[in-house]
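Participant: Given next are the chains, with one letter for each unit.
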Amino acid sequence: MGDQPRIGVLALQGAFREHARALRRLGAEVVEVRLPEELEGLDGLVIPGGESTTIMRLARIYGLDEAIQNFPGAILGTCAGMIVLDRRHLGLADLEVDRNAYGRQVWSFEADVEFEGDELPLHGVFIRAPRARELGPGVEVLGELEGEPVLVRDDRLLLATFHPELTDDLRVHELFLQMAEEAASVRSL
Amino acid sequence: MTEYGTLRVKTGLAEMFKGGVIMDVVDAEQARIAEDAGACAVMALERVPADIRKEGGVARMADPQKIRDIQDAVSIPVMAKCRIGHFAEAQILEALEVDYIDESEVLTPADLEHHVDKWPFRVPFVCGCTNLGEALRRISEGAAMIRTKGEAGTGDIVNAVTHMRAVFGAIRSLQAAREDELYTAAKEHRAPYELVRWVAENGRLPVVTFTAGGIATPADASLCMQLGADGVFVGSGIFKSGRDPIGDRDGWVDDVTRRARAIVEATTHFDDPKILADVSAGLGQPMVGISASSLPDEERLEVRGW
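In the order they appear, the protein sequences are chains E and R. Just so we're aligned, residue 1 is where the first sequence starts under my numbering, counting upward by one. Just so we're aligned, residue 190 is where the second sequence starts under my numbering, counting upward by one.
Incorrect hints may appear among the rest.
To be verified - Label pairs and their in silico Cβ distance ranges:
no. : chain 1 : residue 1 : chain 2 : residue 2 : range
1   : E       : D169      : R       : P462      : 33 to 41 Å
2   : R       : P462      : E       : R104      : 33 to 41 Å
3   : R       : E218      : E       : E66       : 28 to 36 Å
4   : E       : L135      : R       : R311      : 28 to 36 Å
As the list claims (entries may be wrong) - According to the in silico footprint, chain E covers these stretches of chain R (three or more CB under 8 Å from chain E):
no. : stretch
5   : 194 to 207
6   : 227 to 240
7   : 295 to 301
Don't read these hints as lab results, they were simulated from the structure. Heads up, the beta-carbon is just placed ideally off N, CA and C, and yes, glycines get one too.
Produce the complete structure using the sequences and hints provided.
Facilitator: Right under this line is the structure:
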């Protein structure tokens with residue numbers, strides 16, 4: 001790989017431009033991914049928030065679901081992107097995610113999230129947010145809201161029930177880029 | 190501290206709709222068809238615009254029972270329309286916990302001067318516009334999402350194109366303007382200076398901008414996306430297409446399902462003409478529609494809103 005990690009943002013539907021902007025601010029090279037062949041040569045992939053039923057349907061049509069299952073790089077999934085990765089969908093993350101677990105839009109909220117290893121909390125924007133449960137033994141909790149996991153890491157996967165792309169705080173994306181570089185260096189061994 | 194109903198969660202839900210299709214539905218069956226086809230949200234209505242046009246009379250907020258039925262039928266967000274200025278209908282829709290309220294010119298206006306003051310509401314609003322000034326006036330009243338109006342219920346894309354050209358063209362002009370020209374620009378657009386200045390600096394509206402009114406084919410959706418829309422509303426274009434729903438129910442379900450899926454795919458792959466050609470093939474009868482230019486002035490919905 002070159003100096004900058006190459007990151008794809010799944011651009012089927014949802015808040016993909018915000019992720020692209022955050023990653024570019026951190027110096028990554030970002031491409032939009034709509035078809036399986038566009039995954040080639042990428043160090044990481046972001047599956048953004050949006051509607052998980054819409055994203056899954058569009059992914060299946062052109063075989064992106066299988067291509068993502070075989071993708072070796074790091075993956076960041078936020079909100080709907082986390083749902084898409086769980087045991088009941090693509091089966092890459094060892095957990096289950098319940099949709100709209102806090103209720104409809106009038107129950108969407110902002111709150112501070114305790115961030116593992118950092119005294120400064122993350123500001124979480126939770127929009128019709130899901131809840132993660134039945135975390136597998138290898139899943140590490142990196143962020144908590146009222147004792148519940150809202151940011152977790154499962155090996156090369158980073159998953160958030162909230163939307164770090166909607167704030168100017170780049171720490172989640174920064175961590176993801178580190179993970180993409182680690183995954184790339186492991187593969188090149 | 191947990192904060193509800195902030196501008197960021199209101200505009201944030203609209204960010205999640207981007208690249209998607211929001212479909213008008215009048216019952217639970219249509220809502221399920223829309224969800225299965227990949228709609229990112231549905232708009233619960235009493236009648237689709239084409240029927241409002243045909244049947245005439247006063248068009249109002251949908252029956253709350255109908256909205257509840259649709260909310261129970263799908264897991265995607267459910268929007269509903271209130272009349273322009275009818276804040277009591279909006280309060281009822283908020284109590285029903287719809288996910289977005291469309292203060293819409295498709296319904297008969299309740300106030301000929303004032304729109305709903307949208308700031309006090311915890312539920313977000315989307316509003317229509319025909320030009321940049323109208324969009325910014327709605328945003329100053331608290332709209333968290335904008336859609337260009339087009340001419341609903343016609344199946345004719347021409348007004349949607351006119352309105353998008355007007356909004357996005359005016360944004361490009363503001364970007365080229367000198368700073369001292371922005372004061373006069375605000376006056377000409379009849380919009381708050383601060384918002385005009387923000388648009389000039391950022392080259393876009395401060396909220397997600399969809400397009401609506403007359404989208405009937407995958408090519409229409411692609412055209413709107415290429416002109417700069419963040420996503421599309423499809424009203425009558427889906428469920429008023431296909432075979433006769435009374436004479437051939439199964440045939441109609443088949444036709445509208447394929448058209449709905451095709452428009453969803455076209456909105457994602459809007460700049461890939463090969464995919465567009467494939468998804469446009471063999472879709473059956475599109476909505477017959479009426480030419481927007483043949484409408485008498487009193488039947489034009491786009492002029493409602495102030």
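Participant: Determine for every hint whether it applies to the structure shown.
Facilitator: To see whether the hints hold, each was checked on the structure:
About 40 Å separates the C-beta atoms of D169 of chain E and P462 of chain R, a value consistent with the hinted range of 33 to 41 Å. Between P462 of chain R and R104 of chain E the beta carbons are some 38 Å apart, a value that agrees with the proposed interval 33 to 41 Å. Hint check: E218 of chain R to E66 of chain E, Cβ distance near 32 Å, so the stated range 28 to 36 Å holds. Between L135 of chain E and R311 of chain R, the C-beta spacing of about 32 Å keeps the proposed range 28 to 36 Å intact.
Counting residues of the stretch 194 to 207 of chain R whose CB lies closer than 8 Å to any CB of chain E gives 10, which reaches the minimum of 3, so the coverage claim holds. For the stretch 227 to 240 of chain R, the assignment as covered by chain E holds, since 4 residues bring a beta-carbon within under 8 Å of that chain's beta-carbons and 3 suffice. With 0 residues carrying a beta carbon less than 8 Å from a beta carbon of chain E, the stretch 295 to 301 of chain R misses the three-residue requirement, and the given coverage is violated.
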